[in-house]
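Q: Protein sequence lines, in the order shown, are assigned to chains A and B.
Per my numbering, the first sequence starts with residue 379, numbered consecutively.
Per my numbering, the second sequence starts with residue 379, numbered consecutively.
The hints are simulated quantities; they were obtained by calculation from the structure and are not laboratory data.
Treat the hints with care, as some may be off.
It does not matter which identical chain is meant; a pair holds if it fits inside one copy or across any two.
Below 25 Å or equal to it, Euclidean Cα-Cα: the simulated SDA-like pairs (lysine to any residue) are [what the hints assert, rightly or not]:
#1 K749 with L681
#2 K748 with G526
#3 K822 with I779
#4 K765 with D611
There are 2 protein chains.
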Amino acid sequence: PANAGKKAPKKSAAAKQEGQKFVLKTPRGMVDYGTEQMAVRRSVFDKIVSVFLLHGAMTIDTPVMELKETLTGKYGEDSKLIYDLADQGGELLALRYDLTVPFARFVAMNRLKAIKRYHIARVYRRDNPQMTRGRYREFYQCDFDIAGTYDRMVPDCECIRIVTEILTKLEMGEFIIKVNNRKILDGMFAVCGVPEAKFRAICSAVDKLDKEPWETVREEMVDEKGLDPAAADRIGRYVVLKGGRGCDKSAMELLKELQSDQALMADPRAKEGLEDMRLLLEYCVDFGALDHVSFDLSLARGLDYYTGVIYEAVLCGENVGSVAGGGRYDGLVGMFDPAGEQVPCVGVSIGIERLFAIIEKREKAKGTIKKSPTEVLVAAAPKGLLKERLSVCRELWDNGIRAETSYKSNLNLTKACKNAESLGVSIAVIVGASEWEQGTVGVKRLTQDEAQRKQVTVKKEELVAVLKDWIAKL
Amino acid sequence: PANAGKKAPKKSAAAKQEGQKFVLKTPRGMVDYGTEQMAVRRSVFDKIVSVFLLHGAMTIDTPVMELKETLTGKYGEDSKLIYDLADQGGELLALRYDLTVPFARFVAMNRLKAIKRYHIARVYRRDNPQMTRGRYREFYQCDFDIAGTYDRMVPDCECIRIVTEILTKLEMGEFIIKVNNRKILDGMFAVCGVPEAKFRAICSAVDKLDKEPWETVREEMVDEKGLDPAAADRIGRYVVLKGGRGCDKSAMELLKELQSDQALMADPRAKEGLEDMRLLLEYCVDFGALDHVSFDLSLARGLDYYTGVIYEAVLCGENVGSVAGGGRYDGLVGMFDPAGEQVPCVGVSIGIERLFAIIEKREKAKGTIKKSPTEVLVAAAPKGLLKERLSVCRELWDNGIRAETSYKSNLNLTKACKNAESLGVSIAVIVGASEWEQGTVGVKRLTQDEAQRKQVTVKKEELVAVLKDWIAKL
């Protein structure tokens with residue numbers, strides 16, 4: 379954050395004069411992003427959007443606020459984290475908590491039967507902010523969803539393929555995409571002897587297995603949620619099973635094992651879920667995504683609304699939790715539709731704030747953040763020549779070359795070049811009084827690399843061509 | 379808006395069951411933007427950002443909320459239009475009303491001495507929405523500002539140059555950039571006999587001259603604001619003066635006229651303002667922007683915080699009011715700085731919502747909106763071949779070609795091609811069972827233009843090369 383490491387906020391002079399307690403700060407849990415961070419963010423956004431576009435996705439935009447009642451009853455006990463607007467007369471409003479509920483509202487309200495959309499926007503949660511761990515009250519979500527009635531598992535698999543493309547494009551190193559299916563989980567719960575009414579509670583306990591050991595989770599099931607210890611033990615034997623990336627057996631092998639588990643296959647949900655999984659793994663082969671996939675019976679996901687496939691991506695090299703997650707939710711649009719009509723959906727949310735944090739750290743360490751978009755600094759030697767510099771800038775702008783000059787007459791050439799270089803500007807045009815009269819200017823490569831350093835004198839009318847050539851070779 | 383022309387919102391099935399009054403709508407004065415509108419908006423944003431980048435501007439991001447006290451006392455009587463957050467414990471917050479105050483807060487809080495930044499983001503006003511006229515309660519602002527202590531009028535002129543580049547790039551036709559200076563206005567008011575305490579009130583009356591005739595404005599000055607009628611008449615003789623684009627005399631000629639007005643030149647503010655104007659016009663020549671400029675003494679701008687140059691762009695072909703405006707505001711950052719230190723600023727705000735509205739209408743009329751980013755539809759003849767299509771998609775994605783296929787086995791080729799074409803997809807790859815076995819696929823140009831229509835059969839291993847060639851020639 380741009381204000382990280384700053385001293386405690388001070389009162390402004392105006393506030394002091396008025397004797398008020400005026401504090402210069404951003405709201406709790408929210409931060410400014412300065413130019414350097416935004417340079418990283420913009421490049422990450424661009425890469426992610428390019429993947430969405432590769433898959434023909436279109437974007438929509440919804441208001442940052444929704445009617446309070448649109449959000450009511452969608453987030454369970456997290457509802458207390460929703461930011462409400464003050465009642466200033468008129469409708470009761472709240473800030474969006476995620477992008478999925480507004481998407482479902484949009485699909486229902488516009489009576490869409492099918493849409494493939496991405497949406498990158500900020501959401502708001504009155505959570506306890508943990509700024510050092512990158513958990514804020516205002517943060518970006520980056521969602522891709524496919525709504526529509528289609529052949530089983532085809533759009534689901536495209537979501538997995540998209541995760542592989544994004545993590546590869548962002549050079550996140552090795553990663554695993556864990557997959558499971560709520561139908562398999564429900565079937566497994568039934569087979570283990572969990573009463574139907576406890577499915578969601580037990581599911582949310584299983585969800586903690588990526589952070590807690592089995593003993594703790596078992597305790598929660600038995601002591602807190604009143605599950606029969608024998609049922610918990612049966613669940614314990616299932617949730618250790620996994621196959622695929624990073625495992626001894628392949629995902630297909632685990633699938634076959636489970637499909638020969640007669641108790642499990644006797645449950646229609648489990649049977650259907652396993653058939654889903656077979657199709658999903660097959661399509662993963664067609665899409666070239668299977669290498670990254672692990673079929674993992676301990677994956678449960680927190681949200682209540684999933685109805686089928688669920689998945690979650692984790693990086694092998696970083697201990698940051700999941701960096702993408704999602705699944706199928708076939709019931710949400712129907713909660714908004716006037717006729718209760720369902721539109722099946724599947725989607726994935728990219729954990730963009732976690733990725734930002736990792737990439738920002740990496741780029742900073744490498745020193746590769748190009749802070750300024752400028753390609754060419756227009757400077758003068760020794761000083762002055764402001765109007766000449768402005769006319770050079772004009773010519774460069776007219777020709778689409780990103781150029782800047784100092785807004786001061788009185789500038790120090792060496793300092794200006796050094797400063798520009800530190801911001802990532804690669805070339806300087808140097809205007810000199812006598813050269814200008816002779817119709818020439820200097821062009822200099824700004825770099826620490828001795829081998830690449832050079833300076834030439836070119837005719838004014840050849841300047842644009844020379845610069846374009848140098849820029850193309852950068 | 380995506381929901382324009384929709385019927386009245388209906389209650390959802392769930393709400394009916396519960397007997398609640400559940401309404402499916404967006405908040406009053408706010409709208410969803412569908413995929414087609416977003417396609418236009420994205421392309422407009424990209425063009426505008428490319429101009430900012432040409433000038434070396436960097437972007438920042440600030441929270442959508444500010445402490446309530448940060449916004450207090452900045453907007454005069456418009457403060458009543460600010461959206462407050464509910465008091466849920468903790469700080470009192472409000473949604474940002476514009477991007478300028480958060481920018482000044484950012485500069486002061488980070489103790490910046492200089493920054494050139496652009497910021498495109500949404501702001502919030504509890505105004506009376508006029509949806510048919512495109513006035514919403516949530517809308518985008520698009521600001522470019524230069525903060526720092528520099529030679530007079532140089533950054534000011536770059537703002538004007540940026541407006542010319544943006545309006546030209548967006549193909550908005552002929553336009554005029556009206557320029558004036560608050561110092562000239564203040565000097566003129568003094569010379570005409572306006573008491574100092576009435577400067578801002580009289581200035582805001584002058585601001586109405588683009589909508590109201592002089593008589594009405596004079597009435598406001600005399601009857602409402604208690605100005606001596608003789609003073610009003612003297613103002614009346616000044617505010618008709620203009621020179622430059624669309625006028626009989628040039629801006630330079632008007633400047634010379636005013637600089638030989640001894641009464642005016644006796645006022646130090648007017649004298650300084652006219653010298654500013656001389657410099658500005660000179661730099662406009664260097665920047666190749668003078669052709670669009672009109673020096674117009676009736677230009678006043680509404681906001682109180684301007685301290686120098688002011689400008690406003692209007693389109694000659696459209697009667698939509700100003701499409702860009704701004705000026706110099708040297709006092710705002712000091713209102714936030716703990717030591718009251720000033721950082722001079724000049725900036726311009728692009729009226730992006732008005733431009734969107736014009737461009738959207740134009741593109742719709744031309745039928746040139748490419749709704750889908752997809753380049754290649756992967757289809758099958760006659761039906762099925764889902765896995766084959768998926769593997770073709772995979773190859774195209776691997777090679778950076780934007781491709782889609784239907785998520786259904788059972789698709790109608792003719793219908794699929796027609797639908798894709800209507801969304802702006804230009805090429806279809808057609809997979810056939812026997813051709814697939816022989817290692818070939820069909821490639822077809824989707825177009826209404828008979829001359830361009832063609833279909834060829836290519837070897838699978840040549841498909842990517844053929845598609846890249848076709849796409850390059852689109």
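Q: Does each hint hold? Answer for all of them.
A: Hint check results:
1. K749 with L681: The answer is neither: 39 Å in one copy and 33 Å across copies each exceed 25 Å.
2. K748 with G526: between (42 Å within a copy, 22 Å between copies)
3. K822 with I779: within (15 Å within a copy, 38 Å between copies)
4. K765 with D611: neither (82 Å within a copy, 40 Å between copies)
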